[in-house]
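4 protein chains.
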Amino acid sequence: MLLTPEQKSEIESLRSEAQPTLRSVSPGIEAMLYTPLPVLDHGFVRVIDYMGTDSAIVQAARVSYGRGTKKVNEDAGLINYLLRHRHTTPFEMCEIKFHIKLPIFIARQWIRHRTANVNEYSGRYSIMDKEFYIPEPQQLAAQSRLNHQGRGESLEGAEAQRVLQLLRQDAMQVYSHYEEMLNEDATGKKLDEKRDGLARELARMNLSLNYYTQWYWKIDLHNLLHFLSLRADSHAQYEIRVYAEAMLEILKAWLPITYAAFMDYRIGGTSLSAKGLDIVKRMIAGQQVTQEESGMSKGEWRELMTVLGKN
Amino acid sequence: MLLTPEQKSEIESLRSEAQPTLRSVSPGIEAMLYTPLPVLDHGFVRVIDYMGTDSAIVQAARVSYGRGTKKVNEDAGLINYLLRHRHTTPFEMCEIKFHIKLPIFIARQWIRHRTANVNEYSGRYSIMDKEFYIPEPQQLAAQSRLNHQGRGESLEGAEAQRVLQLLRQDAMQVYSHYEEMLNEDATGKKLDEKRDGLARELARMNLSLNYYTQWYWKIDLHNLLHFLSLRADSHAQYEIRVYAEAMLEILKAWLPITYAAFMDYRIGGTSLSAKGLDIVKRMIAGQQVTQEESGMSKGEWRELMTVLGKN
Amino acid sequence: MLLTPEQKSEIESLRSEAQPTLRSVSPGIEAMLYTPLPVLDHGFVRVIDYMGTDSAIVQAARVSYGRGTKKVNEDAGLINYLLRHRHTTPFEMCEIKFHIKLPIFIARQWIRHRTANVNEYSGRYSIMDKEFYIPEPQQLAAQSRLNHQGRGESLEGAEAQRVLQLLRQDAMQVYSHYEEMLNEDATGKKLDEKRDGLARELARMNLSLNYYTQWYWKIDLHNLLHFLSLRADSHAQYEIRVYAEAMLEILKAWLPITYAAFMDYRIGGTSLSAKGLDIVKRMIAGQQVTQEESGMSKGEWRELMTVLGKN
Amino acid sequence: MLLTPEQKSEIESLRSEAQPTLRSVSPGIEAMLYTPLPVLDHGFVRVIDYMGTDSAIVQAARVSYGRGTKKVNEDAGLINYLLRHRHTTPFEMCEIKFHIKLPIFIARQWIRHRTANVNEYSGRYSIMDKEFYIPEPQQLAAQSRLNHQGRGESLEGAEAQRVLQLLRQDAMQVYSHYEEMLNEDATGKKLDEKRDGLARELARMNLSLNYYTQWYWKIDLHNLLHFLSLRADSHAQYEIRVYAEAMLEILKAWLPITYAAFMDYRIGGTSLSAKGLDIVKRMIAGQQVTQEESGMSKGEWRELMTVLGKN
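Line by line, the protein sequences are chains A, B, C and D.
The working numbering numbers the first residue of the first sequence as -16 and each following residue consecutively.
The working numbering numbers the first residue of the second sequence as -16 and each following residue consecutively.
The working numbering numbers the first residue of the third sequence as -16 and each following residue consecutively.
The working numbering numbers the first residue of the fourth sequence as -16 and each following residue consecutively.
Heads up, a few of these hints could be off.
Same chains, same names: a pair is fine if it fits in one copy or spans any two.
Unchecked claim - Distance condition first, Cα-Cα at most 25 Å in a straight line; then the derived BS3-like pairs of lysine-lysine: (1) Lys264 / Lys293; (2) Lys177 / Lys281; (3) Lys(-9) / Lys177; (4) Lys235 / Lys258; (5) Lys(-9) / Lys172; (6) Lys264 / Lys54; (7) Lys281 / Lys264; (8) Lys172 / Lys293.
Treat the hints as calculated values from the structure; they're not laboratory data.
Keep in mind that this is a model prediction, so the values were computed, not measured.
Throw the hints in and build the complete structure from the sequences for me.
Here it is in structure tokens:
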């Protein structure tokens, strides 16, 4: 994460300007506002704005004229109830706005979450930053042999080194050619006075998918929780999971009651199918159940046993 | 609008609790927070929370690290440009949350705007308030003869009086029977100790569509502007237009630059079809154009002439 | 359900006009097209159009050039996998369009599902039908004492009779006054030549919430399954559940593989929180677990025991 | 566009399997089903499925039991009216599903249209095709000097040749290194039996943004028209505009009445601001109006004069 001195000073300036407001205030997230949390080698997540606190959820659930209940206890009981019973509308009453810097191949996964507002840095207007993602060596995993979309073991030394070298070399080269085609360097300085330079909207196609982009991303709490339940999951690609983990920290500071309920009901919880529930009941009753007579496929049975801590 | 003393005191209490925040603050809307603006005979709109200011739009459009520009002039130029060219994503970066009390038949129109978050008072859990809408006599219009969905002239004295009497009488009666079926009065007091009372989710079906409901309604600025451009329009039903007009006042206090641009580009503007544009060009060139040779239907021609101030 | 002879003949005419198409065809749902399935006393659900079959889901999941696999077995395996792992996008590739007649108080619940397309019969243009919902006597339940939004036991004879009488009498009266205000009867015939009649958009406010409305409702399969998982649930209000049940029958005819997977993974399945999963593991290991040491509230414990068939 | 013999034969097989259906059928689009329309050097658009015809819009607008009107004339009048008055819900009652092959940098623009269903080819599961976009020489435009995001004149010979060489060379090289990192070639054949190969979800980050991806994309007609009005516009990037133009041809074959109305009211039409409308009225009245006294900025005035054919 390379912040210019100018960017740092803009952030410091924003953090020094407290003003009075009559709105709900969450002290935990105020302490984090504007400051980037580093993610990957050059990425970050930072909170630009937020709306609501845990009691805004209670207030909305009751369609109340005042602040909701006065007692933290009652708020927690209601929030647990709402999350457990998937009464989602009160959670939509909180909103958060992030500024995120992330590699393009991750941005392409991220944007599939449609119920959010996005304003992305434009490669049609502006020159893309010279920043690209190179994985840590321990993240250089082989294709999984079990799971068609996952990662297996880390690559060994020489193969890993070769991968890093290729990624770095190609990223440097495509950017150097990007500048040559634009006839401008990364700061916008013209290279050759006699040439026009290719339009930015075209030249950008030469960049590789590990280049960083950035956007403002605004989402309501219900949809944020949905995003986090998918992207903080162990099956999510590592490079998006680390963003989700940073956002879980933000959630904890912003809405401590909701965070606790979410960890219990979603992140730490599980789903059982009708067959799975039947198997669980039989196991509780002390019966032996085998995959063969369970009606489940082998894959599904293995998944259930993993959830139940049986393998 | 009947606020109980308890509701009034909750609102006063919220308005007396200013706290420091590092977020953007709009002084204009802070002055209105929580206070109901009366609409119709018992309805209201009040702002519960908001996110962003005019400069948040600029900040998002530039995906900037700081507050955007420092100069109001530049902000206005950019906001005008964005609105004129329908670059809508930066406007999605502001958000507002309202508490609204409105008749059910208006709520049914309102909810058709799907890109918003809603939490409605529940007639399954709670007893509906004994409040219903009765139009002002001058609003008692006849069905329009020109426009299949509009209103024509106001009804004359005796017919208007009869309508008001029927509306009032039926509304009183259905509520009285609602209480009898519930075996509870409006305050939840049991009427007859020996009866159970019908479930609330069933008894509510006896209420008429002019009964008031209320909800928390949260929406981003882009979608709010779309709502206002349709519902503050002269073709919108009067009973929803008055809510849109109250919200225009709120918008003006919240985001003065965006409000001015919106009044110019949307509320005061118009659309021309290809045919309409061709006719306008010919009229500017001093040619006579008639409906017959315009290629337009009579209705479309009449609409165009009205827009151009020709009838 | 009162279909006029003209409506019946329109439906028959549509059902007699088979045409060749190169699109995927689902024989099961073709047999049901256009024909209303009766729901409640005057409501119905009928399928107007559909897009896709079980193999369209497979085809989309593979982004394939052809039809997907040829083998039903493989299709079922993949569909099960997708539904179990919440890979939802391939399910969005099927679409269905219904024509539904339903009481307004149910329409108000229904419309909260926002990710659908709706075109409702307009009470601004047209006269509302004289049809209202009166529950079957066995559906006249008391407010539940356990569950704040549910129903308890059925009301006894005299109280039930009184409820039915009030509902019927008020519904008849508000419609009769609706006609008087409109100065038109249900067929559009003017009542008094000397009066204008109140605008339709106003007069409709006198109708009660058990009056029927109707709409075209179009939704993709993923969102339909979400709707059904909430509305076919035993906690849903009876009057919407019966519509969901009719739509489950349609789903079964349309997409038999998806239907079977949905019944296993959603309708018959359950969710466990982190605490719930821990309790289940301990019970499988033969330990005694009590509510007091479970960390769960009494309500949550009772819900878990019900799911596990323990009470 | 490189279709393999297998893909061609799958398409032919689908086109040979007509089946009877009771649904609405559009003969114009049936003739195009499944067949790819080539776009750019390797891309295509092909229709996989559709729902509805022009009369489905009429049918929905009337919430009718039958097919809508029998007369094409009346259908056209109503569709014109609906489109002119932005009554958008009946247009949502048609749906179309495409299979599209497009460069990744265009896919990133495209996906910003959120109200659509997308299922993209997965670079986590599968090896990306070795196909990348190289512009035609006449498309190699310089950055516009007037318009910050547009294209200016085409580049001259030597500069253009250099750009094409760089694009081609880098694209070839990054793919070759992609295969080396994967330890697989484009067909999935292992290269070196002793190495594991990097996980696909990681190796793909080395590909450049002109590589092609493909997806199934399904959208309702209202949102398709919105997409086309933005992307068939002269300000849209050329590489997305050619897709929009192919889809306009499809629209014309599918829904000829809607297509004609859309060309008149959207594609060929324009918007006027309040200021613009006032200027037009004054020009029609024969007055001279200048930018200085118009209240418009220079840019806005220039845009208006262009619309009015004055420069």
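Structure-based check of each hint:
1. Lys264 / Lys293: both (15 Å within a copy, 9 Å between copies)
2. Lys177 / Lys281: Classified as neither; 67 Å inside a copy, 30 Å across copies.
3. Lys(-9) / Lys177: neither (36 Å within a copy, 48 Å between copies)
4. Lys235 / Lys258: Cα proximity of Lys235 and Lys258: across copies only (19 Å, versus 35 Å in one copy).
5. Lys(-9) / Lys172: within (23 Å within a copy, 49 Å between copies)
6. Lys264 / Lys54: neither (38 Å within a copy, 34 Å between copies)
7. Lys281 / Lys264: Close inside one copy (20 Å) and across copies (21 Å); limit 25 Å.
8. Lys172 / Lys293: Cα proximity of Lys172 and Lys293: none, with 62 Å in one copy and 37 Å across.
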